[in-house]
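Q: Residue strings, one per chain:
There are 2 protein chains.
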Amino acid sequence: MSLKVAIQGIKGSNHHQVAKDFYGDDIDLLECLSFDAIIDHLSNGKADKGIMAIENSIAGSIIPNYNLVYHNNMHIIGEHYLSIHHNLMVLKGNSLENIKEVHSHPMALLQCKEFFKKHPGIKLVEDVDTAETAKRIQDKKLQHIAAIAPKMAAELYDLEIIAPEIQTIKNNATRFIILKKQNKVLPEEEINKASLRFITDHKRGSLATVLNVMSDCNLSLTKIQSLPVIETPWKYAFFVDVTFDMYGHFKKAKSLLEIMAEDFRVLGEYKNALR
Amino acid sequence: MSLKVAIQGIKGSNHHQVAKDFYGDDIDLLECLSFDAIIDHLSNGKADKGIMAIENSIAGSIIPNYNLVYHNNMHIIGEHYLSIHHNLMVLKGNSLENIKEVHSHPMALLQCKEFFKKHPGIKLVEDVDTAETAKRIQDKKLQHIAAIAPKMAAELYDLEIIAPEIQTIKNNATRFIILKKQNKVLPEEEINKASLRFITDHKRGSLATVLNVMSDCNLSLTKIQSLPVIETPWKYAFFVDVTFDMYGHFKKAKSLLEIMAEDFRVLGEYKNALR
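Top to bottom, those sequences are chains W and V. The first sequence runs contiguously to residue 275 in UniProt numbering. The second sequence runs contiguously to residue 275 in UniProt numbering.
Isolated chain W, as found in the complex (with noise of 0.2 Å):
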């Protein structure tokens, strides 16, 4: 039986490169429409592993999938590297100048708003998948609409790319974590970066003194995100990211920040992702 891999949109969305680069072809995709469904197959069993976008390196943190992992137990086994390419894909044999409506994700949408400037004829309208447009203009047939998707996606669905790498910024890239229910206990010497949580208070310090013990115990933050605590208004948690060459090291920052910090947890001890 094939490894069930859950993703947020459908077949050839950026979701399911990422769960191909990772996991290969022989994967039994479970296509979600949010990323809380992600979630919900993993804690149902109905899938074993969930692909999920963290943040994004124009617009940052998807701040909302940070307290879904963390609310759900959820454990990151891994992250990914993907380049994003935005792709205007219509029809075969149609053309730009037919084209009334272009349908897409929000942020593709943002992040290709200086190429749609220059045709201001199209209409551009927000949709939940980059790659389900794509798969509904193949379905019905639709002269008018054109999809900004990845490159598989007009594979998957037969259209016809007429303007490649329509996105402003050129140099865009996401990181996706790789999400399980429990825990993928590794070997320490495959162990690298590890994702953490907890609460600081406002006292003179008390931030620095968290990082200074990582500091100490030589791990390098590689990304730190602050969030409200919901409950107390004005209290922060941070999510924060640390690399490491000896695992011992990280072992031993662990043992002290139980201790120091509030509500400590780790969320995750991986192998970083080439990027």
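Just so you know, these hints were derived from the structure itself, not from any lab. Note that the coordinates shown come from a computational prediction; the quantities given were computed from them, not determined experimentally. Just to be clear, a hint being listed does not mean it is correct.
In this list, chains with the same sequence are indistinguishable; a pair is considered to hold if it fits within one copy or across any two.
Calculated pairs, DSBU-like style, for lysine-lysine (alpha carbon to alpha carbon, straight line, at most 35 Å) [what the hints assert, rightly or not]:
| no. | residue 1 | residue 2 |
| --- | --- | --- |
| 1 | 118 | 170 |
| 2 | 118 | 271 |
| 3 | 181 | 118 |
| 4 | 11 | 271 |
| 5 | 184 | 223 |
| 6 | 117 | 235 |
| 7 | 181 | 113 |
| 8 | 184 | 92 |
| 9 | 118 | 180 |
| 10 | 113 | 254 |
| 11 | 254 | 151 |
| 12 | 252 | 92 |
| 13 | 92 | 254 |
| 14 | 92 | 4 |
| 15 | 151 | 235 |
| 16 | 123 | 140 |
| 17 | 180 | 235 |
| 18 | 271 | 141 |
| 19 | 20 | 235 |
| 20 | 235 | 251 |
| 21 | 254 | 118 |
| 22 | 4 | 223 |
| 23 | 235 | 4 |
| 24 | 117 | 46 |
| 25 | 223 | 181 |
| 26 | 100 | 20 |
| 27 | 140 | 100 |
| 28 | 223 | 141 |
Here the structure of chain W is known, so what remains is to put chain V in place on it, guided by the hints.
A: Relative to the frame of chain W, chain V by itself:
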């Protein structure tokens, strides 16, 4: 001539309430349909002051606004906290049974989700502003549409609140910043808070080192927000708020941070607000 204050939204919005709380009634309100428009009005001199929501105790930072302030060289000259109250309002004499749709800002709709789960017949429609729907209901005498808006909007547009405080989480506050094109130089003894922006690299301990300087200079960290530097993927800028008892302490920290941190800039020095 009264002070010209640019706000997001129209009269009766939460931004209007903040303008009133901060500057009183004798102001000339400039209604803006986007946060960008506030910046434009400040840049071209049409507005003297701008009011902008920057973080919410439930949803967290309004990330694009951090970049708007930074990239347009705006100065933060003050802050204000507002408790957010979502009230369901309709034409006077109308009742909940008549309502087919509720129009409001996506954030307001989201925060009242539990209420509308009990009224599945009412369709939720996203709008750019809370108060704008209230105005439209009155202008066009709309019988089947309700607005979720602040109390002030019901008073201004002569509507009836049929369900007050329908937000799920009652502890809901938003922090607003007051913006100006030129820096407003306050007497040093009145300043006890500052907003800073800098970049650090991923080297071990570099953020900790900056925070240590702050702590050593007796500054308290009240907020930290990391944001990607768009030109350099996976490099982060930090937006930090600090409070202090003596301006001299802050002055010392500033002179050190100017040397230590990359691209260090003070976005504003001001008097903290009560929350």
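Q: If a hint holds in the structure, say so; if it does not, say that too.
A: To see whether the hints hold, each was checked on the structure:
{"no.": "1", "hint": "118 / 170", "result": "within (18 Å within a copy, 45 Å between copies)"}
{"no.": "2", "hint": "118 / 271", "result": "neither (43 Å within a copy, 45 Å between copies)"}
{"no.": "3", "hint": "181 / 118", "result": "between (47 Å within a copy, 31 Å between copies)"}
{"no.": "4", "hint": "11 / 271", "result": "within (26 Å within a copy, 53 Å between copies)"}
{"no.": "5", "hint": "184 / 223", "result": "both (22 Å within a copy, 34 Å between copies)"}
{"no.": "6", "hint": "117 / 235", "result": "between (42 Å within a copy, 29 Å between copies)"}
{"no.": "7", "hint": "181 / 113", "result": "between (38 Å within a copy, 27 Å between copies)"}
{"no.": "8", "hint": "184 / 92", "result": "neither (45 Å within a copy, 59 Å between copies)"}
{"no.": "9", "hint": "118 / 180", "result": "between (44 Å within a copy, 33 Å between copies)"}
{"no.": "10", "hint": "113 / 254", "result": "neither (45 Å within a copy, 38 Å between copies)"}
{"no.": "11", "hint": "254 / 151", "result": "neither (42 Å within a copy, 49 Å between copies)"}
{"no.": "12", "hint": "252 / 92", "result": "neither (59 Å within a copy, 65 Å between copies)"}
{"no.": "13", "hint": "92 / 254", "result": "neither (56 Å within a copy, 60 Å between copies)"}
{"no.": "14", "hint": "92 / 4", "result": "within (33 Å within a copy, 54 Å between copies)"}
{"no.": "15", "hint": "151 / 235", "result": "between (43 Å within a copy, 27 Å between copies)"}
{"no.": "16", "hint": "123 / 140", "result": "both (19 Å within a copy, 27 Å between copies)"}
{"no.": "17", "hint": "180 / 235", "result": "both (29 Å within a copy, 28 Å between copies)"}
{"no.": "18", "hint": "271 / 141", "result": "neither (44 Å within a copy, 60 Å between copies)"}
{"no.": "19", "hint": "20 / 235", "result": "between (39 Å within a copy, 27 Å between copies)"}
{"no.": "20", "hint": "235 / 251", "result": "both (27 Å within a copy, 26 Å between copies)"}
{"no.": "21", "hint": "254 / 118", "result": "neither (53 Å within a copy, 45 Å between copies)"}
{"no.": "22", "hint": "4 / 223", "result": "within (30 Å within a copy, 40 Å between copies)"}
{"no.": "23", "hint": "235 / 4", "result": "between (38 Å within a copy, 34 Å between copies)"}
{"no.": "24", "hint": "117 / 46", "result": "between (44 Å within a copy, 26 Å between copies)"}
{"no.": "25", "hint": "223 / 181", "result": "both (23 Å within a copy, 32 Å between copies)"}
{"no.": "26", "hint": "100 / 20", "result": "within (33 Å within a copy, 44 Å between copies)"}
{"no.": "27", "hint": "140 / 100", "result": "both (16 Å within a copy, 31 Å between copies)"}
{"no.": "28", "hint": "223 / 141", "result": "neither (44 Å within a copy, 51 Å between copies)"}
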